[in-house]
Structure formats: structure tokens, C-alpha cells
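K.L.:
Residues per chain, in single letters:
Protein chains: 2
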Amino acid sequence: MSVTAAKGFTAAGIAAGIKESGNPDLALVVNTGPRRAAAGVFTSNRVKAAPVLWSEQVLKSAQVSAVVLNSGGANACTGPKGFQDTHATAEKVAEVLGRGAIEVAVCSTGLIGVLLPMDKLLPGVETAAAQLSEHGGEKAAIAIKTTDTVHKTSVVTKDGWTVGGMAKGAGMLAPGLATMLVVLTTDAVVESEVLDEALRAATRTTFDRVDSDGCMSTNDTVLLLASGAAEVTPEYEEFAEAVRAVCDDLGQQLIRDAEGASKDIKVEVVNAASEDDAVEVGRSIARNNLLKCAIHGEDPNWGRVLSAIGTTKAAFEPDRLNVAINGVWVCKNGGVGEDREKVDMRYREVHIVADLAAGSESATIWTNDLTADYVHENSAYSS
Amino acid sequence: MSVTAAKGFTAAGIAAGIKESGNPDLALVVNTGPRRAAAGVFTSNRVKAAPVLWSEQVLKSAQVSAVVLNSGGANACTGPKGFQDTHATAEKVAEVLGRGAIEVAVCSTGLIGVLLPMDKLLPGVETAAAQLSEHGGEKAAIAIKTTDTVHKTSVVTKDGWTVGGMAKGAGMLAPGLATMLVVLTTDAVVESEVLDEALRAATRTTFDRVDSDGCMSTNDTVLLLASGAAEVTPEYEEFAEAVRAVCDDLGQQLIRDAEGASKDIKVEVVNAASEDDAVEVGRSIARNNLLKCAIHGEDPNWGRVLSAIGTTKAAFEPDRLNVAINGVWVCKNGGVGEDREKVDMRYREVHIVADLAAGSESATIWTNDLTADYVHENSAYSS
Numbered sequence: 001m002s003v004t005a006a007k008g009f010t011a012a013g014i015a016a017g018i019k020e021s022g023n024p025d026l027a028l029v030v031n032t033g034p035r036r037a038a039a040g041v042f043t044s045n046r047v048k049a050a051p052v053l054w055s056e057q058v059l060k061s062a063q064v065s066a067v068v069l070n071s072g073g074a075n076a077c078t079g080p081k082g083f084q085d086t087h088a089t090a091e092k093v094a095e096v097l098g099r100g101a102i103e104v105a106v107c108s109t110g111l112i113g114v115l116l117p118m119d120k121l122l123p124g125v126e127t128a129a130a131q132l133s134e135h136g137g138e139k140a141a142i143a144i145k146t147t148d149t150v151h152k153t154s155v156v157t158k159d160g161w162t163v164g165g166m167a168k169g170a171g172m173l174a175p176g177l178a179t180m181l182v183v184l185t186t187d188a189v190v191e192s193e194v195l196d197e198a199l200r201a202a203t204r205t206t207f208d209r210v211d212s213d214g215c216m217s218t219n220d221t222v223l224l225l226a227s228g229a230a231e232v233t234p235e236y237e238e239f240a241e242a243v244r245a246v247c248d249d250l251g252q253q254l255i256r257d258a259e260g261a262s263k264d265i266k267v268e269v270v271n272a273a274s275e276d277d278a279v280e281v282g283r284s285i286a287r288n289n290l291l292k293c294a295i296h297g298e299d300p301n302w303g304r305v306l307s308a309i310g311t312t313k314a315a316f317e318p319d320r321l322n323v324a325i326n327g328v329w330v331c332k333n334g335g336v337g338e339d340r341e342k343v344d345m346r347y348r349e350v351h352i353v354a355d356l357a358a359g360s361e362s363a364t365i366w367t368n369d370l371t372a373d374y375v376h377e378n379s380a381y382s383s
Numbered sequence: 001m002s003v004t005a006a007k008g009f010t011a012a013g014i015a016a017g018i019k020e021s022g023n024p025d026l027a028l029v030v031n032t033g034p035r036r037a038a039a040g041v042f043t044s045n046r047v048k049a050a051p052v053l054w055s056e057q058v059l060k061s062a063q064v065s066a067v068v069l070n071s072g073g074a075n076a077c078t079g080p081k082g083f084q085d086t087h088a089t090a091e092k093v094a095e096v097l098g099r100g101a102i103e104v105a106v107c108s109t110g111l112i113g114v115l116l117p118m119d120k121l122l123p124g125v126e127t128a129a130a131q132l133s134e135h136g137g138e139k140a141a142i143a144i145k146t147t148d149t150v151h152k153t154s155v156v157t158k159d160g161w162t163v164g165g166m167a168k169g170a171g172m173l174a175p176g177l178a179t180m181l182v183v184l185t186t187d188a189v190v191e192s193e194v195l196d197e198a199l200r201a202a203t204r205t206t207f208d209r210v211d212s213d214g215c216m217s218t219n220d221t222v223l224l225l226a227s228g229a230a231e232v233t234p235e236y237e238e239f240a241e242a243v244r245a246v247c248d249d250l251g252q253q254l255i256r257d258a259e260g261a262s263k264d265i266k267v268e269v270v271n272a273a274s275e276d277d278a279v280e281v282g283r284s285i286a287r288n289n290l291l292k293c294a295i296h297g298e299d300p301n302w303g304r305v306l307s308a309i310g311t312t313k314a315a316f317e318p319d320r321l322n323v324a325i326n327g328v329w330v331c332k333n334g335g336v337g338e339d340r341e342k343v344d345m346r347y348r349e350v351h352i353v354a355d356l357a358a359g360s361e362s363a364t365i366w367t368n369d370l371t372a373d374y375v376h377e378n379s380a381y382s383s
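Protein chains in written order, with UniProt numbering: chain R, 1 to 383; chain Y, 1 to 383.
Don't read these hints as lab results, they were simulated from the structure. It cannot be assumed that every hint is accurate.
Repeated chains share a single entry, so a pair holds when one copy, or any two copies, can fit it.
[What the hints assert, rightly or not] List time: in silico DSSO-like cross-link candidates among lysine-lysine, alpha-carbon distance up to 27 Å: (1) 120 to 158; (2) 332 to 263; (3) 342 to 81; (4) 342 to 266; (5) 332 to 81.
Treat the numbers as computed from the prediction; the structure is a model and nothing was measured.
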């Protein structure tokens with residue numbers, strides 16, 4: 001059900017001809033109200049795509065009536081013309097919906113450095129608008145795919161209200177945010193400030209801790225739209241947890257569909273002196289190409305975990321470090337621990353625990369293995 | 001000629017049986033004097049192998065009589081026993097040479113987390129000592145190879161004095177230092193303080209800017225030994241340049257032999273506000289897996305260069321960035337530049353220039369492409 005699981009939203013997904021393949025490439029999500037509160041989180045990459053620069057402005061008013069998303073082109077590094085194209089797209093959506101352009105967020109994904117085919121995109125907006133439906137959520141989720149092999153949706157329904165969402169992302173997945181477009185919707189009655197707080201809290205421990213390949217995109221966008229159509233105002237904690245649950249589920253779906261991956265690796269850092277230390281160590285482990293190759297080869301090469309920990313500034317003593325791989329403590333006190341032959345790595349999920357023995361904080365980062373398929377997928381053609 | 005190109009040095013390389021393959025695995029380099037000044041630079045990884053911890057102590061006296069190096073085992077993450085083994089190795093060398101153990105540096109390379117077979121290593125020291133020769137430099141260079149496909153040596157001869165050296169390193173190559181063992185020798189008359197200054201200046205712009213796979217080792221060591229046998233005291237600038245030239249040559253040899261690589265990539269950052277900015281940007285580009293895959297596929301995907309630059313804190317304006325690949329300015333002012341079809345990427349060396357348009361400083365980082373062969377080599381077995 002995706003973005004239309006919550007009441008007060010319609011959506012559509014169509015093939016506008018942006019992709020040469022003829023696959024769906026344009027999605028429209030419309031908040032039919034009565035409220036139009038919204039919050040957004042964007043890439044921390046300083047090279048931001050035109051749609052990110054535009055949508056950041058849109059979110060300043062904290063009111064979003066519609067989101068238009070295209071795959072088949074990122075509209076990044078496209079200069080003033082690229083920004084004009086984003087603006088024209090928002091104007092077109094505003095025109096067909098009878099709203100103001102400043103209430104229309106725009107998201108794009110695909111190859112960097114190529115202008116969008118506006119002669120196809122703008123007519124596509126009209127076609128999509130004509131197909132808007134309370135059942136259009138899945139089609140919208142399909143239309144934003146790039147190298148994704150599956151479309152990603154998630155829904156949490158509570159007592160009279162719902163949070164739902166869709167996501168795309170498969171490569172260039174790294175924090176701040178992971179490379180992706182995400183639109184979340186809710187029919188709960190929630191003010192923009194509260195949406196913002198819940199969204200930032202959720203992304204900090206979900207999407208921001210998904211790090212498939214350490215590469216940060218120019219287009220990452222996560223939007224949360226609230227229609228108020230359920231006429232229910234939930235408690236903050238319950239609402240925030242629902243948003244977090246949907247984000248977590250979508251983040252897991254991103255990792256499971258990461259380009260070329262054969263393993264999903266949960267890197268859990270425990271007993272850190274601070275949460276920041278835990279995140280720094282987790283990220284260092286998650287980005288270690290040699291370790292990611294070893295995991296691909298089902299080799300519990302804990303020395304590569306220790307060498308990754310050693311590059312951080314986190315508080316720890318080398319001779320107190322412990323590492324478990326799939327439940328076997330292969331490294332104890334910085335040296336050889338249990339027999340590495342005991343480690344069973346046949347399954348897709350691999351669980352690494354790094355015990356810093358320096359405090360009581362923890363954090364979990366999700367990553368993938370490094371495979372020949374990843375190399376192939378990212379070298380065989382531009383993406 | 002390697003480490004025995006300079007007068008006052010003997011060396012040997014033998015197969016002690018540490019490697020199961022039976023290949024050479026033990027090298028000995030001896031400074032026969034009359035002077036024994038020395039300097040060393042070690043990994044900045046906080047998880048340091050036992051031989052690094054030992055050799056750091058040795059270098060405090062700034063006197064080194066001999067260096068014993070083994071491949072076939074890193075003696076890292078091996079606890080107190082590992083340190084005892086390093087100590088025993090130094091004692092053995094001291095005994096056979098009639099010197100003090102505190103003048104014997106130890107270097108190890110190979111798999112982390114495995115104790116060395118001391119029953120083979122210690123007799124090997126005696127065998128190596130018996131074969132010490134002024135022509136032994138090449139054999140020593142061969143004995144320190146791990147996944148290296150070729151041994152690496154370099155020599156610069158000036159007016160009456162020489163700087164020579166050997167290096168190993170193929171994987172886990174990243175700065176501070178790149179994963180490697182390097183022993184440099186000179187017969188010039190140079191005090192330890194001057195050796196130290198020249199060595200740090202040289203490594204800062206050579207080995208520290210070699211970043212094949214972003215993975216930093218536990219065992220990196222670069223040693224510079226001076227025998228004074230040439231009885232010539234060179235000018236500092238000339239000596240420092242000779243040391244830099246040998247380091248640069250060896251660093252280039254490391255990159256050209258990096259595991260699984262098919263391209264050597266020179267990332268040159270120009271017009272940066274500071275040298276630190278240039279290095280930060282260069283490293284970010286050099287570590288971007290997606291870009292490294294694209295280069296492997298001979299795809300001048302400059303969008304991935306810009307997305308890597310955007311993750312840094314360096315001073316720049318996104319719409320003033322320029323990027324050239326093999327001489328073609330494919331990105332101008334943050335957008336589309338010259339036709340990417342003009343870029344010829346058929347050859348092994350690829351030259352990326354990132355122009356930050358923010359100042360006048362520059363730096364060059366060398367890296368490699370990311371290939372299926374790299375994945376294979378680092379997943380098929382423990383290394």
C-alpha cells in the first residue's frame with residue numbers, strides 16, 4: 001500500500017519515457033488533506049542536486065501538497081538549467097493540481113550530469129495526475145526504481161492512524177543519508193515541528209546507519225507528509241516509534257537489495273565510551289573493503305575488524321578488544337579467541353559484534369559484502 | 001641492488017619454512033658501519049603488531065644494527081606471546097651478530113592473529129646470518145613478498161653516496177602508512193635527527209599518499225639506516241631529495257602491483273585553499289568505490305568525482321568545481337563540460353584532476369581501480 005496506506009493521499013506511477021528502457025520512471029504523491037504538514041531530511045553531500053536545493057526551500061514552509069519523483073536522471077551537476085527544469089516540474093504539478101509550486105517537492109534519481117528530457121517529463125506529469133488514485137502507492141514505488149531489483153514499501157497501522165512509505169536505493173548507499181529517495185505519509189494529525197522531530201530521530205538511527213558502499217549521493221531525500229485525514233492525534237512517543245519502524249523496515253529492504261551484494265552484515269559495536277564512538281567504529285568496520293571481501297568469501301577474518309577499529313579515534317585499549325562473528329568470539333582481549341572454524345557463515349546475514357570494553361554505549365551499522373557483481377554492476381555502464 | 005646498493009650493508013633472504021608454500025620468507029639486513037644511525041616511521045593504526053611495538057622502542061635509541069623481516073605472518077593481535085616472539089627474534093639476531101637486541105628492528109607481514117612458527121624462524125635467523133652478503137639485497141627484497149607479484153627495489157646514487165631500498169606491499173594499502181614494509185639504506189654520513197627529518201618529509205608526500213584500498217595495516221614500517229661508509233656528508237636538501245625519490249619510486253611500484261588492480265589512478269587536486277584540503281579531497285576521491293569501479297570499466301563518470309568531493313569539509317563552491325579525466329575537462333563549473341566521449345581510458349594510468357578553484361595549493365594521491373580480481377584475491381583465502 002506504500003504511500004497511500006494512510007488516508008488523505010493519492011499516488012500514481014507511470015512511464016513518461018525518461019528511461020530509454022520504457023520502464024516506469026515518474027511518480028506523483030498528493031496530499032489531499034485536510035492538513036498538509038511536512039518534514040524533510042536531505043543529503044549532507046555538499047554537491048546537491050537541483051531537486052534537493054529546490055525541495056529544501058519547499059520544506060522551509062513546512063507545507064507540502066505533492067511530491068513528484070523521477071528515476072532515469074538525477075538532475076545533479078546540471079547547473080542553472082537543471083534548477084530551471086526542477087522549478088518547471090514543480091510548476092507543472094502545481095498547475096495540474098491547482099496548488100502553489102512552492103508546495104511541491106521534487107525528487108530525482110539516476111545518472112549525475114545529464115539534463116532531464118523535459119519534453120517527456122512535463123507531459124508525464126499530466127498523465128500521472130490523471131491516474132492519481134488511493135490505490136496508486138505501489139505503482140509510485142515501482143516508478144522510482146533505478147538499479148533496485150524490487151520496489152520497497154512499508155506500513156505500520158496503529159489505533160486509527162497509519163504511517164506508510166516507499167523507498168528506492170541500491171547503490172551509492174552511505175550515510176547522511178544513504179542514497180535513496182523515501183516518501184513517508186501519515187493520516188495522523190501531527191504538526192510540522194513534531195513531524196520534523198520524529199523524522200530526524202528516526203533517520204539518525206535507521207537510514208543514517210545503512211552504509212552499503214560508503215558512497216554518499218547528491219540526491220538523498222526523505223520526506224514525511226501528514227494529511228490529518230484520520231482525525232487522530234497520537235502520543236509523540238507512539239508516533240515517533242511508528243515512523244522509526246517504517247524507516248527501519250525500509251532501510252533493511254535497501255540493504256537486502258544492495259547492488260551485487262550476497263551478504264547483509266550487521267555491525268554491532270558494544271561497550272563503547274559514547275554513541276559517537278560506537279558509530280565511528282561501526283562505520284570504519286562497515287567500510288573496510290578487505291573485510292567486506294573476506295565476508296563475501298565466508299572467511300571470519302577478524303584481523304581485518306581489528307585493523308579497521310585501529311584507524312578510529314574511539315576510546316579503547318587494543319588488548320581489551322573482543323570480536324564475535326556469528327556468535328563465536330574469535331578475538332578475545334585483542335588476540336586469538338575461540339576457534340574460527342566454529343564460525344558458520346553460510347547464510348546471507350552476518351553478525352559482527354565489536355566489544356570496545358570502554359563503556360556502555362552501542363550502535364549498529366548495516367552494510368554489505370564486496371563482490372565481483374558489485375564491481376560488474378558499477379563498471380559495466382554509467383549509473 | 002636494493003638495500004645493499006649503499007656501502008656498509010649486507011643482506012640475505014632465505015626460506016625458513018614460515019610460509020607453507022616453501023617460498024622465501026625471512027630477510028636480514030645488517031649495517032656493518034662504521035655508523036649506525038637510523039630513523040623509522042610506523043603505522044598510525046592504533047592496533048599495532050608486536051614487531052611495530054618493539055621496533056618503535058628500538059628506534060628511540062636512533063641506533064639500528066640490523067633489521068630482521070619475515071613474511072608469512074604479521075604477528076599482529078597475538079598478545080603477550082606475540083611480543084615475546086618478536087623479542088626472542090631480536091635476541092637471536094643480536095646473538096648471531098654479536099650486537100645488542102635493542103639495536104635490532106623487527107618487521108613482520110602476513111595474516112593477522114596467528115602466532116609465528118618460532119621453531120622455524122629462529123633457526124632461519126642463523127641460516128640467513130650465514131648467507132649475509134654485500135650482494136644479498138635482491139634476495140632480501142624477494143623474501144618479504146606476500147601477495148606481491150614482483151619484488152620492489154630502488155636506488156639513487158649521487159656524488160659518492162647512495163640511497164637504496166626495498167619494499168613490499170600489495171593489499172591493505174592506505175595511508176599512515178600504506179601497508180608495507182620498507183627498508184632504506186644509505187652510506188652517507190647523516191645523523192639520526194637528520195635521517196628522521198628527511199624520512200618524515202619523504203613519507204608524508206609519497207607513501208602517505210598511496211591509497212590503494214583505504215585499508216590501513218597493523219604492521220606498516222619504513223626504516224632508514226645510515227652506515228656512513230661513504231664518508232660523505234651531503235647537503236640536507238640533496239639528501240632529502242634522494243630519500244624522497246627512492247620513496248616515491250617504491251610507492252609507485254606498490255601501486256603498480258596492487259592486488260587485482262588493472263588501472264593506476266593519479267588523483268591530482270589543484271587550486272585548493274590548503275594542502276590539507278587537497279589531501280582530504282584527493283583521499284575522498286581515491287576511496288570512492290563507485291568511481292573506482294567506473295574507472296575499471298573505462299567510464300569517465302565524473303559525477304562520482306563530484307559526489308566524492310561533496311563529502312569533504314574542504315573549501316570550495318559546488319558551481320566552481322572543474323574535473324578533467326585524462327586531459328579532458330568533462331566537468332566545468334560544477335556541470336557538464338567537454339564531451340566525455342573524448343576521454344581515452346584504454347591505458348593503465350588514469351589521470352584525474354580536480355580543480356577546487358579555491359586557492360593555490362595542491363596534492364596528488366595515487367590509487368587503483370576496484371576490480372573483480374581484487375574481490376577474488378581478498379575473499380578466496382585469508383591474507
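K.L.:
If a hint holds in the structure, say so; if it does not, say that too.
P.N.:
Hint check:
1. In the homo-oligomer, the alpha carbons of residue 120 and residue 158 never lie at most 27 Å apart, since the shortest distance is 40 Å inside one protomer and 68 Å across protomers.
2. Taking the closest pair of Cα atoms, residue 332 and residue 263 come within 27 Å of each other only inside a single copy of the chain (25 Å); across copies the shortest separation is 39 Å, beyond that limit.
3. Only between protomers do residue 342 and residue 81 lie at most 27 Å apart by alpha-carbon distance; the minimum there is 23 Å, versus 58 Å within a single protomer.
4. When the C-alpha separation of residue 342 and residue 266 is checked against a cutoff of 27 Å, the pair qualifies only within one copy, where the shortest distance is 19 Å, while the shortest distance between copies is 43 Å.
5. Taking the shortest Cα distances, residue 332 and residue 81 sit within 27 Å of each other only across copies (14 Å), while inside one copy they are farther apart (57 Å).
Checked against the numbered hints listed earlier, the structure breaks hint 1 alone; every other hint is satisfied.
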